[in-house]
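Chain by chain, the residues:
There are 2 protein chains.
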Amino acid sequence: MKTDGTSLYLENQVCFPLYAASRLTTKLYTPILKELDLTYPQYLVLLVLWQHGTQTVNEICSRLLLESNTVTPLLKRLEEKNILLRKRSEADERVVQISLTEKGESLKQKASTIPGQIINSFSDESINEQEILNLQKTLFKLIDIMNRKELLEGTCRHD
Amino acid sequence: MKTDGTSLYLENQVCFPLYAASRLTTKLYTPILKELDLTYPQYLVLLVLWQHGTQTVNEICSRLLLESNTVTPLLKRLEEKNILLRKRSEADERVVQISLTEKGESLKQKASTIPGQIINSFSDESINEQEILNLQKTLFKLIDIMNRKELLEGTCRHD
DNA sequence: AGTGATTAAGTCGTGTGCGATACAAATATA
DNA sequence: TATATTTGTATCGCACACGACTTAATCACT
Chain P
1 MKTDGTSLYL ENQVCFPLYA ASRLTTKLYT PILKELDLTY PQYLVLLVLW
51 QHGTQTVNEI CSRLLLESNT VTPLLKRLEE KNILLRKRSE ADERVVQISL
101 TEKGESLKQK ASTIPGQIIN SFSDESINEQ EILNLQKTLF KLIDIMNRKE
151 LLEGTCRHD
Chain F
1 MKTDGTSLYL ENQVCFPLYA ASRLTTKLYT PILKELDLTY PQYLVLLVLW
51 QHGTQTVNEI CSRLLLESNT VTPLLKRLEE KNILLRKRSE ADERVVQISL
101 TEKGESLKQK ASTIPGQIIN SFSDESINEQ EILNLQKTLF KLIDIMNRKE
151 LLEGTCRHD
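Residue numbers (the numbering used here), protein chains in the order written: chain P, 1 to 159; chain F, 1 to 159.
Check each hint, because a few of them may be wrong.
Since the list gives no way to pick one copy over another, a pair counts as held whenever it fits inside one copy or between any two copies.
Stated by the list, open to error - Only pairs whose alpha carbons sit at most 25 Å apart, straight line, appear in this in silico PhoX-like list of lysine-lysine:
#1 K27 x K149
#2 K34 x K149
#3 K27 x K137
#4 K76 x K34
#5 K103 x K87
#6 K34 x K110
#7 K76 x K110
#8 K27 x K108
#9 K103 x K76
#10 K27 x K110
Derived from the structure by calculation, the hints contain no laboratory data.
Let the hints inform the model, and build the full structure from the sequences given.
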């Protein structure tokens, strides 16, 4: 650990490049998603619905690591666009099942070119595929650690 | 590039782990920063002010890769907390110089333990320092690419 | 059956982020 | 020197994120 005065320098943080890279990446998606009339978080919701089919609000929250108070309004906006349906479960009235409409399903076709478009926008650049795969691997590792840490904090009482 | 149906799977995206890791990291800082009555973006503004001293709104924007419409209200909130001063330059009336108050300077002492606290919260975990350094390096590379791309887009006309 | 704890989803308030745009000051150009 | 363009900051509107809290439904346990 650094003991000089540089530990507070922006270049020495990990948090900052994560934060900046995330924002810039979202920005990269924005014009592409605009053609589908979607925001980036809305696109993520669709990814999990395309991949795993009808599921509860809670399952969507867990998969995206978002809180219900973020996801609920997001789902309402997608419902207004006729992309998905929200239906209370009969077995358990607390649960709301989210399912895709015809329109929501059909968007998958249009979205299928998006990963390619994103990759292509990097193809000329000085970053190779292995580097991206390593990045992805480390990020998932970090996410796993922080996510477990958060769950632990939540269950331990401090009074 | 994948031609099967898995290219839209959440696990195969790079954007998602970036987005999730960024949010979880911010969450990690939140309780620590709460003791200084700061939000995470406010902390970032202070980092660049501690590091580079008095500077313009524009310089802060460039360093954090944020737009002025994000930074302006952020600075106003910090001004209300008596952490910094906003003063129009006399040489160029468009420019606003941001300088730290006594209180803003003194916060640096209290903040000096933060990087250590964050690192310690990972110390038990299965992620080594080299991996973090590689992550940081790749992220800065990505940021550089996306940042340059954005600047280019901005200057080329498409009519 | 009754009751306290837990759970799923949602409401509310605050603080970002950013696209689109406004406005004034400075600069470039005719 | 008048006018067009650029630049620095800010305003506005919308969509997240999340902490703190609420509500209703279910569960656990007596």
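Verification of the hints:
1. K27 x K149: between (29 Å within a copy, 11 Å between copies)
2. K34 x K149: between (36 Å within a copy, 19 Å between copies)
3. K27 x K137: Both, since 22 Å and 21 Å are each at most 25 Å.
4. K76 x K34: Answer is within: at 19 Å inside a copy they meet the 25 Å cutoff, but 32 Å across does not.
5. K103 x K87: Within. Shortest intra-copy distance 17 Å satisfies the 25 Å Cα cut-off; inter-copy 53 Å does not.
6. K34 x K110: within (12 Å within a copy, 43 Å between copies)
7. K76 x K110: Result: close within a single copy only, 22 Å intra versus 42 Å inter.
8. K27 x K108: This pair counts as within: shortest intra-copy Cα distance 21 Å, inter-copy 32 Å.
9. K103 x K76: within (15 Å within a copy, 44 Å between copies)
10. K27 x K110: within (19 Å within a copy, 34 Å between copies)
Consistency note: the structure conflicts with none of the earlier hints.
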